[in-house]
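Q: Full structure from sequences and hints, please.
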Amino acid sequence: YETIESLSGQSAGFLAAAGWDGLVLTYDGAQWNAASIPGWEDEMYRAVWASPSGMVWASGSLKRVTRYNPVTNRFNELELDDSADIYGLWGTSDDDVWALALAGQVYHWHVVPFGALGSVSPVVMEDISGSGPQDVWVVGWSGTVMHRTTGDFEALAAVILREQTAIPPGSSQDRLMAIEIGTVLHY
Numbered sequence: 176y177e178t179i180e181s182l183s184g185q186s187a188g189f190l191a192a193a194g195w196d197g198l199v200l201t202y203d204g205a206q207w208n209a210a211s212i213p214g215w216e217d218e219m220y221r222a223v224w225a226s227p228s229g230m231v232w233a234s235g236s237l238k239r240v241t242r243y244n245p246v247t248n249r250f251n252e253l254e255l256d257d258s259a260d261i262y263g264l265w266g267t268s269d270d271d272v273w274a275l276a277l278a279g280q281v282y283h284w285h286v287v288p289f290g291a292l293g294s295v296s297p298v299v300m301e302d303i304s305g306s307g308p309q310d311v312w313v314v315g316w317s318g319t320v321m322h323r324t325t326g327d328f329e330a331l332a333a334v335i336l337r338e339q340t341a342i343p344p345g346s347s348q349d350r351l352m353a354i355e356i357g358t359v360l361h362y
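Per this note's numbering, the sequence shown starts with residue 176, numbered consecutively.
Treat each hint with caution, since some may be false.
Unchecked claim - Derived pair list, reagent style SDA-like, types lysine to any residue, alpha-carbon separation capped at 20 Å:
1. Lys238 to Ile179
2. Lys238 to Glu254
3. Lys238 to His285
4. Lys238 to Leu277
5. Lys238 to Glu252
6. Lys238 to Ser211
7. Lys238 to Leu190
8. Lys238 to His283
9. Lys238 to Gln280
10. Lys238 to Val299
11. Lys238 to Ser228
12. Lys238 to Ala205
13. Lys238 to Asp217
14. Lys238 to Phe250
15. Lys238 to Ala278
To be verified - FRET-style restraints, in silico, Cβ to Cβ:
16. Ser268 to Ser236: 23 to 29 Å
17. Leu292 to Asp269: 14 to 20 Å
18. Pro227 to Trp207: 18 to 24 Å
Derived from the structure by calculation, the hints contain no laboratory data.
Beta carbons: idealized from backbone N, C-alpha and C, even for Gly.
A: And the structure:
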């Protein structure tokens, strides 16, 4: 296989990974299974999110999000309303999925197709996560940390002057962890 860019899971019995060449992997607790979308051989998936129901959401450099059902081996392409490379995916259910574009745009799938919520930051944004629909975090370059409980995302003070690259699962309103090479931050 090529490079894996992202990993997500709901339990030890269900993991999803995605990466270069349109590769989507799922793990059922015993073995890894590979799937790739025909025609997406040049796609680089940058983000993956495994939903509690067993669906896999993947996104990347072709400015769209793909929903994959490992049981039926079917893919659905979900077009975004503008051209944005999606670097982060996270959700609470198949009806509540968030996507974060590198340029800082946030998209929300809430029962209906993705709608743009606008740009949360003028800097490069890398990841999105949370603990529920009213607790969503995004991180990006220059120490940018944004938080949404209701309404718009609000900026927290820049925590460091380097790139934040990931938010581990389990971050919540009272606890945020952001990871950068050689640095782990706790809020």
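Q: Does the alpha-carbon distance linking Lys238 and Val299 stay inside the 20 Å limit?
A: holds, 16 Å
Q: Take a quick look at whether Lys238 and Gln280 sit within 20 Å of each other, Cα to Cα.
A: Distance ~12 Å between Lys238 and Gln280 Cα, so the pair holds.
Q: For the pair supplied as a hint, Lys238 and Leu190, confirm whether the alpha-carbon distance does not exceed 20 Å.
A: Violated, at roughly 24 Å.
Q: Just to be sure I understand the hint, the distance between the Cβ atoms of Leu292 and Asp269 should be within 14 to 20 Å; is that true here?
A: holds, 19 Å
Q: Can the restraint linking Lys238 and Ser228 be considered satisfied, given a maximum Cα separation of 20 Å?
A: Judged against 20 Å, a Cα distance of about 25 Å means the pair is violated.
Q: So if I understand the rule, the pair passes when the alpha-carbon distance is 20 Å or less; does Lys238 with Ala205 pass?
A: violated, 33 Å
Q: Given the hinted pair Lys238 and Glu252, is their Cα-Cα distance within 20 Å?
A: holds, 10 Å
Q: Tell me if the beta carbons of Ser268 and Ser236 are separated by a distance inside 23 to 29 Å.
A: The hinted range 23 to 29 Å holds for Ser268 and Ser236, with Cβ atoms some 26 Å apart.
Q: For the pair supplied as a hint, Lys238 and Leu277, is the alpha-carbon distance within the 20 Å limit?
A: holds, 11 Å
Q: For a C-alpha distance cap of 20 Å, please report whether Lys238 and His283 respect it.
A: At roughly 15 Å apart (the allowed maximum being 20 Å), His283 and Lys238 satisfy the hint.
Q: Can the restraint linking Lys238 and Ala278 be considered satisfied, given a maximum Cα separation of 20 Å?
A: holds, 12 Å
Q: For the pair we were handed, Lys238 and Asp217, check the Cα-Cα distance against 20 Å.
A: With a Cα-Cα distance of about 13 Å, the restraint between Lys238 and Asp217 holds, given a limit of 20 Å.
Violation of the numbered hints given earlier is confined to hints 7, 11, 12; the remaining hints are satisfied by the structure.
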